[in-house]
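What follows is each chain in one-letter form.
There are 2 protein chains.
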Amino acid sequence: MKKIGVLLSGCGVYDGSEIHEAVITLLAIARKGGKSLCMAPDIDQYHVVNHLTGEAADEKRNVLVESARIARGEIRDLKDIRAADIDALILPGGFGAAKNLSNFAIKGKDADIHPEVHRLITEMTEAKKPVGAICISPVVLAGVLKDRRPEVSIGNDLGTADAIEAMGGGHNVCSVHMIHVDEKNRLVSTPAYMLGPGIAEVAEGIEKLVQQIFKMF
Amino acid sequence: MKKIGVLLSGCGVYDGSEIHEAVITLLAIARKGGKSLCMAPDIDQYHVVNHLTGEAADEKRNVLVESARIARGEIRDLKDIRAADIDALILPGGFGAAKNLSNFAIKGKDADIHPEVHRLITEMTEAKKPVGAICISPVVLAGVLKDRRPEVSIGNDLGTADAIEAMGGGHNVCSVHMIHVDEKNRLVSTPAYMLGPGIAEVAEGIEKLVQQIFKMF
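Quick note, the sequences are listed as chains L and H, same order.
Heads up: the first sequence at position 11 corresponds to 11 in our numbering, and the numbers run straight through without jumps.
Heads up: the second sequence at position 108 corresponds to 108 in our numbering, and the numbers run straight through without jumps.
Bound-form chain L, shown alone (with noise of 0.2 Å):
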C-alpha cells in the first residue's frame, strides 16, 4: 500500500491548510487504495484569523495541534519524517502554506521557506519521488527547487506566478478542472480555491492530481 504524505499548515484557509482541499486530498488518497500519513511543523502560527469576520485575532496557535484537527489526531511532527518514510507528498494550500510553510505572503520572491519544509521537499525530489502542490503551495515548490527549475501552476493569477518565475521556477496557466505536470521534477500542482468557483470544481482538480501522483509510481 502507497504511503502518501500530507503536509498540513494549520487548520483553516486565512491563517492555515485550506479545509477543503486537505479532506479531498485525503479521500482522494484513500479512494486509490493509498495511505495517508498527516505532518506539520511544530511552530507558532504566523497569526490566528477570525475567519467569520476576516480580521486578525488576539490569539496564539500551534500549527501542528490545529493540523491535528484536520487529521483527527492521527498526524505526526514534519520533523520526524524522512523521504523514505513516504512514496509520496502533497502540500494542500491555504494560506498556511505562504505563513506558515514559508513567508511568501509576506516577502513575496523573497520568501524564506521553513527549514524541515526545505529539507523534505529536497529529500524527495533527491529521491525522485512524486510532490504534489495544490493552490498557493507551488510556491513553496519553486522556493525549494529554485535550483532545478521547477514547473508549476497556480492558475492565472499574474502578480503570484511573476513571482514564481522570480524565483526560478516556471508557471504555467492551468484551470480549476485540471492539473500541470512538471515530469522532470515529479511535481503535480492544480489550483483549486487560487480559481475555485467552488468545491466540485476544486474537487477535479485535486482527485486528478492524485491519479497523477499514483500514475507515477
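These are calculated hints, taken from the structure and not from any lab test.
Don't take every hint at face value.
[What the hints assert, rightly or not] Derived pair list, reagent style PhoX-like, types lysine-lysine, alpha-carbon separation capped at 25 Å:
1. L:LYS60 with H:LYS60
2. L:LYS32 with H:LYS208
3. H:LYS2 with H:LYS79
4. H:LYS60 with L:LYS208
5. L:LYS208 with H:LYS35
6. L:LYS208 with H:LYS32
7. L:LYS32 with H:LYS32
[Stated by the list, open to error] Anything over 12 Å on all C-beta distances counts as not near chain H; from chain L, calculated:
8. LYS3
9. TYR14
10. LYS35
11. ASN103
12. ASP112
13. ALA127
14. VAL173
Think of the CB as a built atom: it goes at the ideal place given N, C-alpha and C, for glycine as much as any other residue.
With chain L's structure known, arrange chain H on it following the hints.
Chain H only, in chain L's frame:
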C-alpha cells in the same frame, strides 16, 4: 437550485464538527447541483480540545467563529435562519453535536438541545422538509422530535442506541456504507465515524444520505 442548510458545531471532531464529514457533505451537495447554506449557533464551545494530545485546553472558542473555518467565512448565525430559507437541513457529526448543539455527551438521554437547534429542526419537520443526521448527530433529532418517534441510526453502539430509545426515538442498526430512512418524519441518517473505519467508507454513507435527500424533494 435546491438550498441545503448545513448545521455546524465548531471545527474538529473532539470539540466541534467532524471536519471530514462536514466537507464531504458540502462536496456531495455541490455535486448534486445544490447550494449549501452553512450555519452555526453564536455561542461558546463547551470546551476546547487539543486534537494532538486529546486533552482539554485552557482556552475559549466560539462555535460560529470556528465553524466559519469549514465554511471559508460563508456562514450565517443559526438564529437568523428559518425553515423557509432552506429546502433541507443536514447535521454533520463530531462531538460538537453532543457538546455544543446539545449536551448529550454530558447528560446522555436527559440531554438538553440548544433552543435555536430545537426551533429549526422542529420548523423543518413541521414543513415536511428532509433532515439528514450524520454520525452522533441523530441524538439531536431524538431529543427534538421525541414525540414523533424518529427512526435513526448511529451504527451499532449499544449505549448510544439505548439512549436514543430512552429519549423516545427508534434505533436501527446500519453499516457505514448505508443510510437509514425514516419516511414518515423525512429523516435520513448514516453512522459515518461512529463506525469508521476510514474516510472512504464514511464518504460512501454520506454521499448516499445526500442523494436520498435530493430524492425526497
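Structure-based check of all given hints:
Simply put, LYS60 of chain L and LYS60 of chain H have alpha-carbon atoms about 12 Å apart, close enough for the 25 Å limit, and the pair holds. A hinted pair counts as satisfied when its Cα atoms are at most 25 Å apart, and LYS32 of chain L with LYS208 of chain H qualifies at roughly 20 Å. Of the pairs offered as hints, the one joining LYS2 of chain H and LYS79 of chain H holds, with about 21 Å between alpha carbons and a cut-off of 25 Å not exceeded. At most 25 Å may separate the alpha-carbon atoms for a hinted pair to count; LYS60 of chain H and LYS208 of chain L exceed this at roughly 39 Å.
Restraint check for LYS208 of chain L and LYS35 of chain H: satisfied, since their Cα atoms lie roughly 24 Å apart, inside the 25 Å limit. A C-alpha spacing of about 20 Å is found between LYS208 of chain L and LYS32 of chain H, which places the hinted pair at or below 25 Å, so the restraint holds. With a C-alpha separation of about 23 Å, the suggested pair LYS32 of chain L and LYS32 of chain H falls inside the 25 Å cut-off, and the hint holds. LYS3 of chain L, annotated as away from the interface, keeps every beta carbon of chain H farther than 12 Å; the closest lies near 14 Å.
Against the 12 Å criterion, TYR14 of chain L falls within the reach of chain H, whose nearest CB is about 8 Å from its own CB. The beta carbon of LYS35 of chain L sits about 9 Å from the closest Cβ of chain H, which is not more than 12 Å, so the claim that it is off the interface is violated. With 12 Å as the threshold on Cβ separation, the claim that ASN103 of chain L sits away from chain H holds: the shortest Cβ distance comes to roughly 22 Å. For ASP112 of chain L, the condition that its CB be more than 12 Å from all CB atoms of chain H holds, with the nearest at approximately 25 Å.
At roughly 27 Å from the closest C-beta of chain H, the C-beta of ALA127 of chain L stays outside 12 Å, upholding its exclusion from the interface. Annotated as non-interface, VAL173 of chain L keeps its C-beta farther than 12 Å from every C-beta of chain H; the closest such distance is 24 Å.
The structure fails to meet hints 4, 9, 10 from the earlier list, while all remaining hints are met.
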